[in-house]
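**Q** Going down the list, the sequences are from chains A and B. Residue 236 in my numbering sits at position 226 of the first sequence, and the numbers go up by one each step. Residue 239 in my numbering sits at position 106 of the second sequence, and the numbers go up by one each step.
Quick caveat, the hints were computed from the structure, so don't treat them as lab data. Please note that the accuracy of each hint is not assured.
As a list, the in silico EDC-like pairs of lysine to aspartate or glutamate whose alpha-carbon atoms are at most 20 Å apart [stated by the list, open to error]: (1) Lys90(A) to Glu127(A); (2) Lys64(A) to Glu228(A); (3) Lys90(A) to Glu341(B); (4) Lys64(A) to Glu341(B); (5) Lys90(A) to Asp80(A); (6) Lys64(A) to Asp80(A); (7) Lys64(A) to Asp40(A); (8) Lys90(A) to Glu348(B); (9) Lys64(A) to Glu348(B); (10) Lys64(A) to Asp83(A); (11) Lys64(A) to Glu31(A); (12) Lys64(A) to Asp38(A).
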Amino acid sequence: MSAAFSAPALACRSVSFRYPEGSQALVDIDLAVAPGEFVALLAANGSGKTTLIKVLAGLLAPTAGTVRIDGSDIRQMPAKALYRRVGLLVQNPKDQLFGATVAEDVAFGPRNLGLDEAQVQERVAAALAAVGAAHLRERAIHHLSFGEQKRAALAGVLAMQPAILLLDEPTAGMDPAGETRMIDFLYRLNREHGLTVIFATHSVDMLPLIAHRICVLEHGRVIQCDAPRAVFQAPDILARAGLRLPYISVLFDEMHRHDGFCLDRLPLTVREARQALLDLLAGPSDPSAAAAVRHG
Amino acid sequence: MSGGFDLFFDYFARRDNRLRRFDPRVKMGVVAALFAAILLSTRPPLPAMVSVVALGSLLLIGIPLGLIGRRLLAPLGIVIALVLIQGLLVGETVLAAFPVAGWEVALHREGLVRGAGMALRVWGAFSVLLLFSAVTPAHEMFRALRWCRMPHLWVEIAMLVYRYIFVLLEEASEMVAAQRVRLGYAGFGNGLRSAGTLTGAVVVRAMEQSLRTHEAMVARGYTDVFPFGPLPPMGRRAWGALAGVVAVVGILYWFLERGLA
Numbered sequence: 011m012s013a014a015f016s017a018p019a020l021a022c023r024s025v026s027f028r029y030p031e032g033s034q035a036l037v038d039i040d041l042a043v044a045p046g047e048f049v050a051l052l053a054a055n056g057s058g059k060t061t062l063i064k065v066l067a068g069l070l071a072p073t074a075g076t077v078r079i080d081g082s083d084i085r086q087m088p089a090k091a092l093y094r095r096v097g098l099l100v101q102n103p104k105d106q107l108f109g110a111t112v113a114e115d116v117a118f119g120p121r122n123l124g125l126d127e128a129q130v131q132e133r134v135a136a137a138l139a140a141v142g143a144a145h146l147r148e149r150a151i152h153h154l155s156f157g158e159q160k161r162a163a164l165a166g167v168l169a170m171q172p173a174i175l176l177l178d179e180p181t182a183g184m185d186p187a188g189e190t191r192m193i194d195f196l197y198r199l200n201r202e203h204g205l206t207v208i209f210a211t212h213s214v215d216m217l218p219l220i221a222h223r224i225c226v227l228e229h230g231r232v233i234q235c236d237a238p239r240a241v242f243q244a245p246d247i248l249a250r251a252g253l254r255l256p257y258i259s260v261l262f263d264e265m266h267r268h269d270g271f272c273l274d275r276l277p278l279t280v281r282e283a284r285q286a287l288l289d290l291l292a293g294p295s296d297p298s299a300a301a302a303v304r305h306g
Numbered sequence: 134m135s136g137g138f139d140l141f142f143d144y145f146a147r148r149d150n151r152l153r154r155f156d157p158r159v160k161m162g163v164v165a166a167l168f169a170a171i172l173l174s175t176r177p178p179l180p181a182m183v184s185v186v187a188l189g190s191l192l193l194i195g196i197p198l199g200l201i202g203r204r205l206l207a208p209l210g211i212v213i214a215l216v217l218i219q220g221l222l223v224g225e226t227v228l229a230a231f232p233v234a235g236w237e238v239a240l241h242r243e244g245l246v247r248g249a250g251m252a253l254r255v256w257g258a259f260s261v262l263l264l265f266s267a268v269t270p271a272h273e274m275f276r277a278l279r280w281c282r283m284p285h286l287w288v289e290i291a292m293l294v295y296r297y298i299f300v301l302l303e304e305a306s307e308m309v310a311a312q313r314v315r316l317g318y319a320g321f322g323n324g325l326r327s328a329g330t331l332t333g334a335v336v337v338r339a340m341e342q343s344l345r346t347h348e349a350m351v352a353r354g355y356t357d358v359f360p361f362g363p364l365p366p367m368g369r370r371a372w373g374a375l376a377g378v379v380a381v382v383g384i385l386y387w388f389l390e391r392g393l394a
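If we strip away everything but chain B, and leave its shape as in the complex, we get (with noise of 0.2 Å):
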């Protein structure tokens, strides 16, 4: 597959390394420590460490550096929007001014010191659900979210939606190189209406594929709930651990927090 669609791959989630081998509920447990402390933080210290270590993390365990970059573009895109409307809206002291379409636009100092903490929490989040994705296959991320007492149902979509997010990927790939080899995309019109039939083509697919697969589901007894197997209680060591990083990232947040301030 090719052109983009790597992206998604998530083969290295199922390859071996420390982090792999962690309990999943003591992973979804850092994780939403990591998330809280970097929400509530109101400097930039902790989600810039917290970022610069996931990032780090992400390189040691042989994530590939181009992997990862095309990984960021998603929230690069927020940051620089987040950054962006700060620094147009918020403030008074002005470190630049241009005119577009007639409009004097001015960008401020302190909108941009506003969007840069923003865009800072905002990267450092994403870097901890990236590294999270890169150390956890997806089927120990569902056994996680129901011992977290998720809904039942939320659980079973987001499981049919994983897996069928390959499948359409695959489908659109194939089609992607169909259109390509008869210069589907030789020229922007011509890129631009390949793409309209294309995601035209991908969701009629999906239709057709739930319909089927639904078919195939009842033909192995499915009555519109999805039978989960039993989840193995949490051993004593993946508390500990749990409890240990969980006190790690309060100390973290209170010295980067209060002890600097």
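Bound conformation, chain A alone (with noise of 0.2 Å):
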């Protein structure tokens, strides 16, 4: 965990999980995640990622290992006051949409947690308008496209107005300006907000953007967990778990590997691969030393 972060919000102590046909989804999973911090959970399909976030949304009991949020175990806490502090969006909005409109279905969480009807209204104007989908109020769920259905459903999540955010897979199957965008506001509710943020993905390219933290897994084992920048250092461990790193530092390991470029450390974002081909390309004064740093 960053030192900037404290005691954690939540927080899984050795937790294993083993489905009824026998198969092992997670294996002695140590984790902790202080208020604030938004963590990826990075693994290749069948690691256990959907596993892990149901476990810390309490939707699946662990078999062994507990998970904590503020402290108080989760099997202790009672429904209403775990999902007052504990939102999570599923991987298939369809799974999650079940209104007959948009903003009946956003209401469903606030009127659950017991509030009068102008403050459920106010949620879901809130939500809704959150998410750029305050136009998609009265439209029925099965009339909106699928990136309109991801938006509705991460609007139902808001309107509980969650400290802790589990996503699994948010932008899977979205366009690139769909996944921008979801990326973007993921990153203003945890920067801006200050919402922790715990975030399942195998896509690799946009998180050194946005995570503080990334977890990788492999079979159901947290393999690493740290800063990406430390986590993008160690590809050998990333192709172990079926993942790779960022394109534009394959690109870079590449010609590192390739074509002798000698850089300090691997960019990880396009801003750091630009600044890394301007400061190469300006080179230093002595001619020498710039055929030394191309040529490491």
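Hey, can you piece these two chains together into the complex? The hints should help.
**A** Okay, here's the thing in structure tokens:
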């Protein structure tokens, strides 16, 4: 955990989970997430991301270990208290949207919290406005596009005003513009509104932009959990987990391996890559030093 | 979506028109009055007139004729079965007789007339229902049902069923497309096998979907009671409209049933 963060908002200790048919989905997971932290659970398909998210949300009871929210064991917490703190966005919005209209669906959670109708409507309007879906308010769910369904589902979660947001592949199936919007939105929720975000994904390219920490899962175990720069400096661990470096880093890694480019550190984002290229092109004033930069 | 799946699309119910703008409770009240009048009618004019007006209104608000026709296929089956059963089993005046597997089967005049009367009532009631569903979005119907003191659980189930009809239709439509491009419906035998597989797969998907949806509901604080919002009170104008239309239905009933007798 980064030194900037305090006591954990969510912590799981020695958590294991085995499905009734016998497959071991999670093995001895230890994870502590500080308030306001953005943690990515990075793993290939079938590595236990969704199971871990469901265990953290209290939907699956771990076969061993405990999950604590603000120090309380979630198994001891009443549902209302738990879901006031924790919001879950599932991968497929179809699973999450069941209201006859978008507004009714978004109102579902606040009404379950027992709020009066004025507060419910206030939250519905605010959540829809936040995700840019105010115009979808009276639309039927089955008349929405996939991207609109994702936004409506997120509004439904935000209307609960959770402090911890669990997201299971929130950008899966979205077009590049939608993906960028979603990432930008989650970034703002985390950095500006202080929401703790736990984000399961196998998409590596945008994580260096947003995550404080990346936990790599392989066969239900956390094999690395560190800041993005540290995680992406170990491509062999990523490869073992069926993952890769961000594309921009792959390019520089190839240049380093095959063309002798010498870099202090691998750029992880387009901005960093651009700066690295500009530095290389500007080069040192001494030609021999420039050659040394180029050829390591 | 294709292959008949558009049959269930409710986008017309959301288009603006005069009937759409009426309070759904007024419309539901009118439907109930029309149903009662049709069920109590003993002569053809009332159900026939109601059917013509309802189907004409559907055309006037811009529902395509083809879609109306496809939606009428369901009651058409009932209507044909009613007329045939009554024609074969009731009455004495033989209109036509023909042998079927060594049996002499006869169609009777009295039975056909009785069957036609029943069929006309089915047709009339279905036309009313079709018009109601074409001018009232589902969420407004659910609100109206709650206002009518329909049990909470029924409305909750109806709401979830309504939502997941479309989810499962979409799934089924995708599966049919996947079967079709691999020649799943080439030939009668193949078609039967594919349809059987499709049915089984849809049932399994429905089960899986229900589990996932329940999880998502629990994660938003669901504790086995669906929280509905408050119901707005029905205004004076709406009450007036309801009373007016019900009175017109009553007068029509009296005139067509008694006045013409």
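**Q** Against the structure, test the hints numbered earlier, and report the numbers of the ones violated in rising order.
**A** Violated hint (a single one): 3; every other hint is consistent with the structure.
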